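Student: Use these hints to put chains Z, C, Y, W and X onto chain D, whose structure you have.
6 protein chains.
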Amino acid sequence: MIYITRRLEFCASHRLFNPSFSDEKNAATFGLCNNPNGHGHNYVLEVTVKGEVDPETGMVLDLKALKKLINEKIIDRVDHKNLNVDVDFLQGVIPTAENIAIKFWERIKPHIHNGTLCEIKLYESERNFVIYRGESIESIH
Amino acid sequence: MIYITRRLEFCASHRLFNPSFSDEKNAATFGLCNNPNGHGHNYVLEVTVKGEVDPETGMVLDLKALKKLINEKIIDRVDHKNLNVDVDFLQGVIPTAENIAIKFWERIKPHIHNGTLCEIKLYESERNFVIYRGESIESIH
Amino acid sequence: MIYITRRLEFCASHRLFNPSFSDEKNAATFGLCNNPNGHGHNYVLEVTVKGEVDPETGMVLDLKALKKLINEKIIDRVDHKNLNVDVDFLQGVIPTAENIAIKFWERIKPHIHNGTLCEIKLYESERNFVIYRGESIESIH
Amino acid sequence: MIYITRRLEFCASHRLFNPSFSDEKNAATFGLCNNPNGHGHNYVLEVTVKGEVDPETGMVLDLKALKKLINEKIIDRVDHKNLNVDVDFLQGVIPTAENIAIKFWERIKPHIHNGTLCEIKLYESERNFVIYRGESIESIH
Amino acid sequence: MIYITRRLEFCASHRLFNPSFSDEKNAATFGLCNNPNGHGHNYVLEVTVKGEVDPETGMVLDLKALKKLINEKIIDRVDHKNLNVDVDFLQGVIPTAENIAIKFWERIKPHIHNGTLCEIKLYESERNFVIYRGESIESIH
Amino acid sequence: MIYITRRLEFCASHRLFNPSFSDEKNAATFGLCNNPNGHGHNYVLEVTVKGEVDPETGMVLDLKALKKLINEKIIDRVDHKNLNVDVDFLQGVIPTAENIAIKFWERIKPHIHNGTLCEIKLYESERNFVIYRGESIESIH
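Residue numbers (the numbering used here), protein chains in the order written: chain D, 156 to 296; chain Z, 156 to 296; chain C, 156 to 296; chain Y, 156 to 296; chain W, 156 to 296; chain X, 156 to 296.
The shape of chain D in the complex, shown without the other chains:
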């Protein structure tokens, strides 16, 4: 059992706000990230798949195919975009790193057949990052 990770980057803008909050509550909750005209980041995405090593190839999976999948399903949709308005699969979602990571998981999970998707790590910056492993509370002791 090996864990293999592919790292990719994209840059995007976003604004954090909840349309059902008052302006004051949005400002208090989201701070600088609530700036009405938005701001942005160079995001770093790490996708980790676990699986057995195929003895014929020495590989868990074809990394070229994994890269192609991530580019098609995620990077091409979010790179150089405004995450609040340009990305259909983020519509109706506050684009925090947490929510983006969960949505990325949902985007590619059904398409990974060699090995099992086990982790999405998303860096908003070197200082802030989140990890999603597909866990729900019930499945955690």
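Be careful, since some hints might not be right.
Intra- or inter-copy, both count: the list cannot distinguish identical chains.
[To be verified] Derived pair list, reagent style DSS-like, types lysine-lysine, alpha-carbon separation capped at 30 Å: (1) K219 to K258; (2) K276 to K180; (3) K180 to K222; (4) K258 to K228; (5) K219 to K180.
In case anyone wonders, no lab produced these hints; they're calculated from the structure.
Model, not experiment: these values are computed from the prediction.
Tutor: Below, chains Z, C, Y, W and X alone, put in the same frame as chain D:
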């Protein structure tokens, strides 16, 4: 003569376009960076000052004071902002890394009295960065 | 369930020695780190909290509040300090990365109420780092 | 229980191919990595050992001894080498990151007595890396 | 006058030796890098062009075009290659970082028309890198 | 003419103060760096030598010899040391990055015969670094 550099970071969104261009020309000129709803970056800014070492302190200048100056004149104005609409000193300027670096130079040059500002280095990402040294064509052989 | 991490830095000096050891045993045990006048590092600290995403905010917790907590309880106490003599909560402890990480865990664990502290990662340098997850031997199979 | 990691680097060349495949299948399977004359990488290796902190030393183990072990058993054997032909313990193995990580695990596992080897992380580049934790399928739920 | 840099990466293998040297002299001169079966690196290439900012675009040049040029003239020719045998423009050259940088300069210099090529920086690793600025001894005071 | 750089690291502690200043003036001048018991850093040192490429070797100089020289003259003397008390060539000098860089220049300049020492770059952290090029005011226009 020593060159001393302070590195700071900010995140911001921008859109590259020239209002006098047609949509087609804007798209052809600026590519992905022309996305109407913008995108963003974690910018890294390095400010370099050169000067003599003061024998009483062993320092060219007070780095705390330099950091305070850069924060007041630059970082607090651009961090978590939209560079096209939120920053008065960038109004009327296409917010490319080149133009931003030049404007940053102009913002702090008059306020550096211990030593001489000699370089602004601005990373839009690890892959793209610009350096401005206050040079005009005439002053370069 | 999401894991969210905040990264911070501090610089400090330390000396590794056990006052109950002979000088020879201290030198043999701690090597270069036993230098009587100490040495130092730029430490990097990553604090990871896990929790559910609040659907109203899209966040596990308020990162600004987490940063404030870590600064008050840890960074302000150790940054630009000598870990052997300046830090009350490290008194009587050999300031190895292992021990510092455990003490940091104890410092902030009681104060994290949104989500659960799950990991302290402490880099002494890029080449050496430790992780503490609050585990005792008994709780590990 | 603490996890302590030592990071080391080596540079090496390799070529990915399966001698039982046709040239066409090798090219299709391994892509650019199948180049007949090979290519190479600056590999980064992180070895993680977990254990209890010895109260007399504040350490899980002697990092100097761990570094010496990794250098003798691994780094000195692979650094500035061709992984296909120069490394006896990789003979008969397709030198993918997956296989190299497993072989590195086997090389040092028997020699770690203070604490337990728990992870080999091998970066082929910043963009591709694998983790091996000694797991076989049977031991994973 | 602005300096704009584009960073790209490639991985390759090489062996340092001078065919007119004896084996002993090759070993003494090139050390580990003389390993007969070669070794390799993840090289990082930074290409810097200087020029005036075009007031219509806010840019020195079209970075997309610069990236395309570097990929065509350099990266596609050396990535995942053996620098001793696979690269026509390096034939007859000992593939040290110094020589590679000079050859890269010669490859792209004639094709840069907006702005002036002013620096090739080539990292063999984080620890070793060279810079070439097109200077010959005569032109330096 | 090529510029070749070797990067090395060391960790050390220091305290900034001028013994002829009052405690108040020391505190005001050096801020956190004036902590009586010191603090420390993981310093990064980059030494750059410029020279012609020897056509017989493709190298400006023997990097192994340069590394050996820097280790003997600098790293072995400052690594895991207290820069205020353990380093003879820093006695009587306030150990700011500026002064350390100048002293490092003086330590190795006389010993570099292949090529010319042209730059010492010293990082106290990723955020603060200095460059010394052996320039005195008189030699700069």
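Student: Hint numbers the structure violates, sorted upward?
Tutor: Violated: none.
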